[in-house]
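So the sequence lines, in the order shown, correspond to chains A and B. Residue numbers for the first sequence follow my numbering, so the first one is 1 and each next one is one higher. Residue numbers for the second sequence follow my numbering, so the first one is 1 and each next one is one higher.
Treat the hints loosely; a few may be bogus.
[As the list claims (entries may be wrong)] To give a feel for the contact side, a few chain B residues facing chain A, derived at Cβ under 8 Å:
no., residue
1, Gly18
2, Asp19
3, Met28
4, Glu35
5, Gly62
6, Gly161
7, Arg163
8, Val164
9, Pro166
10, Gly170
11, Asn179
12, Asn187
13, Gly281
14, Ala285
[Stated by the list, open to error] Which bits of chain A does chain B cover? Going by a derived footprint, with three or more residues having C-beta under 8 Å, they are:
no., region
15, 44-55
16, 110-119
17, 123-132
18, 186-194
19, 225-236
20, 241-253
None of these hints come from the bench; they were simulated from the model. Backbone N, C-alpha and C define an ideal beta-carbon position, used for all residues, glycine too.
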Amino acid sequence: MTVTELLQSPAKDLLNIYFTAGYPHLDSLCELLPALEAAGADLVEIGIPYSDPLSDGPTIQQSSAHALANGISLELIFKQLEETTTQIPKVMMGYFNTVLQFGFERFCQRCADTGISGVILPDLPIELYLDRYASLFEQHGLSNIFLVTPETPADRLHYIDQHSTSFIYAVSSSSTTGVKAGIQDAAPYLKGLQTAKLKTPFLVGFNIASPKDFDFACQYARGGIIGSAFIRYLAKQNDLHAATTQFVQHIRQLQLS
Amino acid sequence: MSTTVLSPFQVDQKGFYGDFGGAFIPEMLHGNVEELRQRYLGILASESFRNQFNELLHQYVGRPTPLYLAPRLGAHHGTTIYLKREDLCHTGAHKINNALGQLLVARELGKTRIIAETGAGQHGVATATACALLGMECVVYMGARDIQRQAPNVARMRMLGARVEPATSGSQTLKDATNEAIRDWINHPETTHYIIGSAVGPHPYPDMVARLQAIISAEIRQQLDGLPTHIVACVGGGSNAIGAFYHFLDEPEVQLVGVEAAGLGVDSGKTAATLALGTQGVLHASLTKVLQTADGQVVEPHSISAGLDYPGIGPQHAHLEAVKRVHYGGVTDQEALDAARQLSQLEGIIPALETAHALAYLEKMNFRREDRVVINLSGRGDKDLDTYMQHLAL
Ligand SMILES: Cc1ncc(COP(=O)(O)O)c(C=O)c1O
Chain A
1 MTVTELLQSP
11 AKDLLNIYFT
21 AGYPHLDSLC
31 ELLPALEAAG
41 ADLVEIGIPY
51 SDPLSDGPTI
61 QQSSAHALAN
71 GISLELIFKQ
81 LEETTTQIPK
91 VMMGYFNTVL
101 QFGFERFCQR
111 CADTGISGVI
121 LPDLPIELYL
131 DRYASLFEQH
141 GLSNIFLVTP
151 ETPADRLHYI
161 DQHSTSFIYA
171 VSSSSTTGVK
181 AGIQDAAPYL
191 KGLQTAKLKT
201 PFLVGFNIAS
211 PKDFDFACQY
221 ARGGIIGSAF
231 IRYLAKQNDL
241 HAATTQFVQH
251 IRQLQLS
Chain B
1 MSTTVLSPFQ
11 VDQKGFYGDF
21 GGAFIPEMLH
31 GNVEELRQRY
41 LGILASESFR
51 NQFNELLHQY
61 VGRPTPLYLA
71 PRLGAHHGTT
81 IYLKREDLCH
91 TGAHKINNAL
101 GQLLVARELG
111 KTRIIAETGA
121 GQHGVATATA
131 CALLGMECVV
141 YMGARDIQRQ
151 APNVARMRML
161 GARVEPATSG
171 SQTLKDATNE
181 AIRDWINHPE
191 TTHYIIGSAV
201 GPHPYPDMVA
211 RLQAIISAEI
221 RQQLDGLPTH
231 IVACVGGGSN
241 AIGAFYHFLD
251 EPEVQLVGVE
261 AAGLGVDSGK
271 TAATLALGTQ
281 GVLHASLTKV
291 LQTADGQVVE
301 PHSISAGLDY
311 PGIGPQHAHL
321 EAVKRVHYGG
331 VTDQEALDAA
341 RQLSQLEGII
351 PALETAHALA
361 YLEKMNFRRE
371 DRVVINLSGR
381 GDKDLDTYMQ
391 HLAL
C-alpha cells in the first residue's frame, strides 16, 4: 500500500514510526521493517543519515552519526530495501543534500522501484520543491510531505495544504526532534489545524514519547509520528524484533483499552 | 546603500547568485528567515539605522580604519602595497562591523536574545561586545574542541557577559557550533535573532553580511585616489573578502583575489580549500561549494587558522568563482606562518593567522612596479600568539 492510499482509507489512530537506517547495526533496516509491520505500525519513516542534521535533537544526531560510522549510505539503504519484502507503507526522511548528491531523478526512480511512496525533506522549502522537483516526484508517484509548525500562518498553511497529497506533517512545537517533554501544550494549535478545513489529513510528530502523547495526537489528527523515543528504546535492547513489538504495544495501549 | 542592485554579481529576486545560494531551511525557521528577508533591505536603508550604525562605526569601532601604505612590504614585492587596517577595529577584526549592524537589525525586529556561532572566537567576541554595548542577552556556541584551543577568547566573551555554550556534536568545531546555533534558533523562534558571523547561511544572510561589511570597500574607494589594480583578501566564509571587493565588483579592471586555507596542502587530505576541492552542495541552508563525500556527508576541514577552518564558503564567492570575476588561490599553514612573521618584521604589524593567508599569496603573484595592491588586513594576531609561539619557535 502507498502512503497516499493509507491516508485515503478510513483508518485512524495511525502510528507512524521513524527509525534511522543503519542503526543500531548496518543492516537493522532488514529486521526493523518486518518487525514494525508485524507489530502493527501503520506507516514507517526511514531516516537517511546525514552528517549535519539541523532539524534533529541529540537522539537522532547520535543515531545518524552511529549509522554513518557503521557504513550506511543511500545506495545501501535502497539495496536493503530490495532485499526486504513488506507491504507496510514506507516513506523516506532525510536532508536535501544527501538526495542532491545521489541525484534527484535517480533517487525518485529508486524510491519507486523499492516501494517508497513518500518523501520528507525538511530543508527543501515548498517554493523550491514546486520550482524544481515537483514534476519529477509526480512522475514517480511519490508524495512529498511538508511540515507545518505552530508558527505557520494561515495563508501559508493553506498553500501547503493545496500542494500536499498524502498527509501534512504537523510539528508539535517549535523545536528540533525529541528535545521537549510531551506535546500537551500543543492543544490550541492542533485544534486550529483541526478546524482549518484542510483537504489533506495531518499527522503530529516531534516529541511524542508516551502512550498519553500518542493518544493526545490522535484526538486531533489522523495519527502520530514517533522517532526519538523509539530510537532511545532500541538503544537499550538486543532483540530488535521483540523490542519493536513491545514498543508498539506500549504506545498503543490507550487505543486498545 | 541602494535597495535594488542590478549586477550579475549580486543576489537575485529568489535569493540566488547564479547556481548558488537560496534558503534551504526547515519550515521551523521559515517565519524568522522570511521576516528577515522581507525587512532587511528596508531596515538597512532607513535613516535611523544608517545614523545609528554610522555613529557606532565612527565613535565605537574607530572607523574609518586607515589605508596604510606599507613601504617595506611594497619594496619586498617590487610594487606599491596598501594595508586596509581592519585589525585596528575595536575587538581586533572586521567581525565587529557585521555584529553591530545585525544587532541593530535584530533590535528593529523586536528580538531580545542574540545567538551566534564562533570558531576562533573573533565573531563571538564581536557579538558579545555588541550585546554588552546594547544591553542584549547573548549566547555563543563554540565547538568544545575550539573552547579548549581558544581559551583567551572564551574568557573575553565571559568577561563581556555572554554565555558560551559548548557544541559537543560532530567534530566539535565551527561547523558544529553553527549547527547548534541553528538548532537553538529553531527552538526559540520568537525571541531570538541569530547573528551569523560570515557571508554564509540562508538568504538573506550572505547579502546582509556583505552589505554590512561593504563599508570596507566604500572606505578604500574614498581613501585611494583612483582605482587599485588588485585587492587581496583571505576567505573563510568570505565576509572580509566580500566587504573589501563589494564596491569594486563592477570595475572589471580591478583584479580581485580571494585566498583560501590549503592546510597541509590542497591534495593532502587536510585542507580547507573549499573552492579548490568542494562540490556543489548544501551546508547551513545555502547551496554552495562544500567539502563533502560523494554521498553528501560533510568532510572535516583542516587549517591552522580556526577562522578559515570551515567546509563551506559563502554562495556569492562560489558564484564569483564560477563566473571568473574573482580569482581564488590557496596557501598552506606553513606559508601563512612565514608571512605572519614577515609582516611583523617588515611593518611592525602582527596579523591574524587568517589574514596571513592573504599576505602569503603575494609571493605567488606577479606585480608590475606601477601596480597598486590593497591587502585587506582583516585582523590582528594577538589571539594567535600561542600558535606563533609553538610554530615559529618564539
Ligand atoms: C581576522 C579574521 N579574518 C578572517 C576571518 C575569516 O572569516 P571571513 O572569511 O568571513 O572574513 C576570520 C574569522 O574568524 C578572522 O577572525
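Self-check item: Those earlier numbered hints the structure runs against, lowest number first
Solution: 1, 2, 4, 5, 6, 7, 8, 9, 16, 18, 19 and 20
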